[in-house]
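2 protein chains.
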Amino acid sequence: MRWENLDQEPCSLARTLAVVGDRWTLLVLRDCFLGVRRFDAFEKRLGVTRHVLADRLKKLVEHGVLAKVAYQDRPLREEYRLTEKGIELHPAILALVSWGDRHMADERGAPIVHIHKTCGHPMRPVTVCSECGEPVGARDVQVEVGAGWGEQGVLPQRQKLTGGGDNG
Amino acid sequence: MRWENLDQEPCSLARTLAVVGDRWTLLVLRDCFLGVRRFDAFEKRLGVTRHVLADRLKKLVEHGVLAKVAYQDRPLREEYRLTEKGIELHPAILALVSWGDRHMADERGAPIVHIHKTCGHPMRPVTVCSECGEPVGARDVQVEVGAGWGEQGVLPQRQKLTGGGDNG
DNA sequence: CTTGACAAGTTCCAAAAAGAAACTGACTAT
DNA sequence: ATAGTCAGTTTCTTTTTGGAACTTGTCAAG
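Protein sequence lines correspond, in order, to chains C and H.
For the first sequence, the positions run 1239 to 1406 when the numbering used here is used.
For the second sequence, the positions run 1239 to 1406 when the numbering used here is used.
Think of the hints as simulated: they come from the structure by calculation, not from any bench.
Hints may be right or wrong, so weigh each one.
Stated by the list, open to error - 20 Å max Cα-Cα, derived SDA-like pairs, lysine to any residue:
#1 Lys1398/H x Ile1325/C
#2 Lys1282/C x Asp1245/H
#3 Lys1323/C x Lys1306/H
#4 Lys1398/C x Val1364/H
#5 Lys1398/C x Val1383/H
#6 Lys1282/H x Ile1325/C
#7 Lys1355/C x Lys1323/H
#8 Lys1355/H x Lys1323/C
#9 Lys1355/H x Leu1393/C
#10 Lys1355/C x Lys1282/H
#11 Lys1306/C x Asp1293/C
#12 Lys1355/C x Asp1245/H
#13 Lys1398/C x Trp1387/C
#14 Lys1323/H x Asp1344/C
#15 Lys1306/H x Lys1323/H
#16 Lys1398/C x Lys1355/H
#17 Lys1398/C x Lys1398/H
#18 Lys1398/H x Leu1272/C
#19 Lys1398/C x Gly1358/H
#20 Lys1355/H x Asp1344/C
To be verified - Which residues of chain H face chain C? A few of them, derived with a C-beta cut under 7 Å, are:
#21 Ile1353
#22 Cys1370
#23 Pro1394
Unchecked claim - Label pairs and their computed distance ranges (CB to CB):
#24 Arg1276/H x Gln1380/C: 53 to 61 Å
#25 Val1307/H x Tyr1309/C: 52 to 60 Å
#26 Glu1372/H x Gln1380/C: 55 to 63 Å
Glycine included, every Cβ here is placed at the ideal spot set by N, Cα and C.
Construct the complete structure from the given sequences, taking the supplied hints into account.
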C-alpha cells in the first residue's frame, strides 16, 4: 500500500496517519502548540531541511490542520496557525508525550511539564470514557464494525492481549 | 536532524516518535491491539512489504514495545505480542483514531466502534487531568521546563492559539 | 547605487529508504 | 516427489530525504 492511498482505508487511524503519520509532521505540530508559527522558526528549532518542512507545512494546510495567515505585506509574509481541527490533535500529542515521559525519559525526569491552568497542578493526561467517565485501558474496550466500515475487510479473530485481562 | 538521533532530543514527543513515529509502525500496533500477532497476518492485513514489516517489527522488539514469543518448535515459529509498555500506547492510538473519526470519516461515520466493556456503551476517549479530573483542552495547559530538559534549547515565546482562548 | 540582511521558499544532487517480487530454509500434508 | 505454510532475506528499481546553494521581494546602511 502506498502513502497516497492511506486516507481511503476504512480505518480512522490510517486516515489520521495520512495527515500526521510522518516523522516531521508531528514535531511541527508540537512546535505549533508551543506557539511557533514561522517557517524560519520551525526550521531552526527542528533541524529539518527547508525542503521537507515546506512540503509538510503545505500538506498540513491542504488538510486544514494549519492555516496560512499573512502577518505583513510588502514583502508578503505568511505564518502558520493551528485551525480548530489542528487544535483537536492536542489530546493525541499529549498522549504520545505522556508515553514518552513514562517510557523514554532519562533519570532526570520529563523534559517539559504540563500545568493544568484550571487547577494549577502539573498533570498527566488520563483517558476516560465519554459515557461513564471511568478510566479506559486497552483491555477495557471491545472493537466492533461500525457504519463506515464498508465491505473491504474483516476484523481479525480477537486474541487476548499480553499480561492478563480478558478481551473476549 | 536524523531519525537515529531523535531519541536523544530533550522532548518526549521526539523520543516517542523515535520508536513509533513511522507510517507503518502505528498501523502494526493498531493490528496488535486487534489481536494480530503473526508476520503473515500483518503482511496480508496491512499491505506493507515484508522487507519493511520485518524491519519495523524488529525495531518494536528492540524498543520493548513488542515481544517475540515462540508458539511452536520444529520449525521454530515466533509471534509478536504487545508488552505492557506497548499496551500503554493504547491511549495515544485511541486519541489518533478518535481524531480520524471526527475529521476524516466519510458520511457513513466511523469505520469501527469502541465499546467500553465496563459500562457497555460505544465510547469516545476524553482526556482529563490526572490531578483534578476535569477535561483538558489545548488552551487549558501551560508548558514549563522540567527536570529532564537539559541546557540544549529554550522554549519559544508563547503565542495565543488560533480560535480564541488565552494561553498566557 | 551597491551591498547586506531577512523571510519564505525552490532547485539540484547524492544518499537513504521504500516498493515489488523472487528466493531460502525448515518443516507438514498428500 | 510435489505442493503448501511461515518467517523471513535478497535483489533491484523507484521514491523520498538530507545537505547546501540559489531565488524573490523588500528594507536599511554605507
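Structure-based check of all given hints:
1. At roughly 12 Å between alpha-carbon atoms, Lys1398/H and Ile1325/C fall within 20 Å of each other, so this suggested pair holds.
2. Restraint check: the Cα-Cα separation between Lys1282/C and Asp1245/H comes to about 18 Å, which is no more than 20 Å; the hinted pair holds.
3. In summary, the hint linking Lys1323/C to Lys1306/H is not supported, as the alpha carbons are separated by about 38 Å, beyond the 20 Å threshold.
4. With a C-alpha separation of about 25 Å, the suggested pairing of Lys1398/C with Val1364/H is violated against the 20 Å cut-off.
5. Taken as a hint, the Lys1398/C and Val1383/H pair is broken in the structure, with Cα atoms around 40 Å apart against an allowance of 20 Å.
6. For the hint pairing Lys1282/H with Ile1325/C, the CA-to-CA distance comes to about 35 Å; that exceeds 20 Å, so the pair is violated.
7. Note on Lys1355/C and Lys1323/H: the hinted pairing is violated, with a Cα-Cα distance of about 29 Å set against a maximum of 20 Å.
8. Our distance criterion of 20 Å between C-alpha atoms is broken by Lys1355/H and Lys1323/C, whose separation comes to about 29 Å.
9. Distance hint between Lys1355/H and Leu1393/C is fulfilled; the C-alpha atoms sit about 18 Å from each other, no more than 20 Å.
10. Annotation: proposed proximity of Lys1355/C to Lys1282/H is violated, straight-line Cα distance about 47 Å (limit 20 Å).
11. Between the alpha carbons of Lys1306/C and Asp1293/C the distance comes to roughly 14 Å, so the proposed pair stays at or under 20 Å and holds.
12. With a C-alpha separation of about 29 Å, the suggested pairing of Lys1355/C with Asp1245/H is violated against the 20 Å cut-off.
13. Between Lys1398/C and Trp1387/C, the direct Cα distance comes to roughly 23 Å. Violation of the 20 Å bound is thereby established for this hinted pair.
14. Restraint check for Lys1323/H and Asp1344/C: the C-alpha separation of about 16 Å stays at or below 20 Å, so the hint holds.
15. Of the pairs offered as hints, the one joining Lys1306/H and Lys1323/H holds, with about 14 Å between alpha carbons and a cut-off of 20 Å not exceeded.
16. Distance restraint check for Lys1398/C and Lys1355/H: the Cα-Cα separation of roughly 15 Å lies within the 20 Å cut-off, and the hinted pair is therefore satisfied.
17. With a C-alpha separation of about 45 Å, the suggested pairing of Lys1398/C with Lys1398/H is violated against the 20 Å cut-off.
18. The suggested pairing of Lys1398/H with Leu1272/C holds, with an alpha-carbon distance near 9 Å, which does not exceed 20 Å.
19. For the hint pairing Lys1398/C with Gly1358/H, the CA-to-CA distance comes to about 19 Å; that is within 20 Å, so the pair holds.
20. A C-alpha spacing of about 36 Å is found between Lys1355/H and Asp1344/C, which places the hinted pair above 20 Å, so the restraint is violated.
21. The criterion of a C-beta within 7 Å of any C-beta in chain C is met by Ile1353/H, whose closest approach is roughly 4 Å, and the hint holds.
22. For Cys1370/H, the shortest C-beta to C-beta distance to chain C is roughly 4 Å, which falls under 7 Å, so the interface hint holds.
23. Using the Cβ-Cβ criterion of 7 Å, the hint placing Pro1394/H at the interface with chain C is satisfied: the shortest such distance is roughly 5 Å.
24. The hinted window of 53 to 61 Å between Arg1276/H and Gln1380/C is violated, with their beta carbons roughly 22 Å apart.
25. Val1307/H and Tyr1309/C have their C-beta atoms about 55 Å apart, which keeps the hinted 52 to 60 Å range intact.
26. The hinted range of 55 to 63 Å is not satisfied by Glu1372/H and Gln1380/C, whose Cβ atoms lie roughly 27 Å apart.
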